[in-house]
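Q: Whenever a hint applies, use it, and build me the whole structure from the sequences.
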Amino acid sequence: MDQREIFLTILGMAAVTYLPRLLPAWLLSSRSLPWWLAAWLRNVPVAVLSAMLFPAIMAQGDQLRIGPRNLFLLAALPTLLVAWKTRSLFGSVITGLVVVALGRLVFHL
Amino acid sequence: MTAGQEGRHVSALSAGILKTLPLVFGYVPIGLTFGVLAQKAGLSAFNALMMSLLVYAGSSQLVAAGLFAAGAPAASIILTTFVVNLRHLLLSAAIAPFLESWRRRELAAFAYQLTDETFALHAARFQSGVPSKTEVFAINTTAQMSWLMGTGLGVVLGQIITDVEAFGLDYVLPALFIALIAVQIEETKQIGIALCTGALSLTLRMLGLGQWHVIIATVAGASLGVVTKLWTSEKSS
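Chains as they are written, first to last, in the numbering used here: chain B, 1 to 109; chain W, 1 to 237.
By construction, these hints were calculated from the structure, which means they are not laboratory data.
Check each hint, because a few of them may be wrong.
[Stated by the list, open to error] For lysine-lysine, the following DSSO-like pairs were computed, each having C-alpha atoms within a straight-line distance of at most 30 Å:
| # | chain 1 | residue 1 | chain 2 | residue 2 |
| --- | --- | --- | --- | --- |
| 1 | B | 85 | W | 229 |
| 2 | W | 19 | W | 189 |
| 3 | W | 19 | B | 85 |
| 4 | W | 19 | W | 133 |
| 5 | W | 189 | B | 85 |
| 6 | W | 133 | W | 189 |
[Claimed, not checked] With the C-beta cut set under 8 Å, the calculated list includes, among others, these residues of chain W facing chain B:
| # | residue |
| --- | --- |
| 7 | 184 |
| 8 | 185 |
| 9 | 188 |
| 10 | 197 |
Yeah, the Cβ is synthetic: ideal placement off N, Cα and C, and Gly gets one too.
A: Here you go:
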């Protein structure tokens, strides 16, 4: 793909990303939601983040990878601990990066 | 504008920027990762920055960089982006009731900068009252500026770095997900939702559902939370 085609693709990506962001804000703002829908929506952030996280650290493509040789899974523990204790996004991300970088450098995982 | 109004404006602006700082520390390195990967995928600096300006959705941009690198056709890149970003429907719907008094073009501007992370930041605070529009937009704009800055740095760095994995940069996204989940969790029930949704998503991924596993697992996991709530409140009443 040349840069012009890439740019046109990006415009398409922008359109399909913006509509789901915009439409509920426009259409739902003047109505109050039923309790079950509100409760459902409150669950969404934790659910969507977990749905993206688990395959990212426990799989490689379609292959399940759970075990002590999986560096991404090992690094999740200190990252979670730091996030839980400090509530700092930056601290947690750095912890994860350092553990992964060290794991590769020292243990060749 | 009187001096008092202007003072309030400035303090709302700085309050917004300050509240966004933790997020900035997440966005700059992740934006940087995207910049590096986009550069490696053959995107020009202009196109990498345009994607961060116009699409502005982290995980989908990282996924798209991978697809561009693999030489995927435009239609499949756009469709994948749509699926990965469809969850914004839910975020937008969740935030909408708090912004009833806003004008349509203000909502349009707000929606444009709505991400998982700014959503998490706003949702927690809107429960106890919506702050001034200046502060809300200061938060959103600071976040996107840091994303753009990270992208720009990444494009430059991409020309220098040869081994992305040596720095653990490929772990930025999982680490950010972990941190955001930990920050979101307020009651034990949510841990159950996180584990069930994650396990389901992983299973669906194994079954080869492409990008659909995220959407399906999210809908199922969030519904499970409502069903258990219904069940426990019926039992206790």
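Q: Any hints from earlier that this structure breaks? Give me their numbers in increasing order, please.
A: Of the numbered hints, 6 and 9 do not hold.
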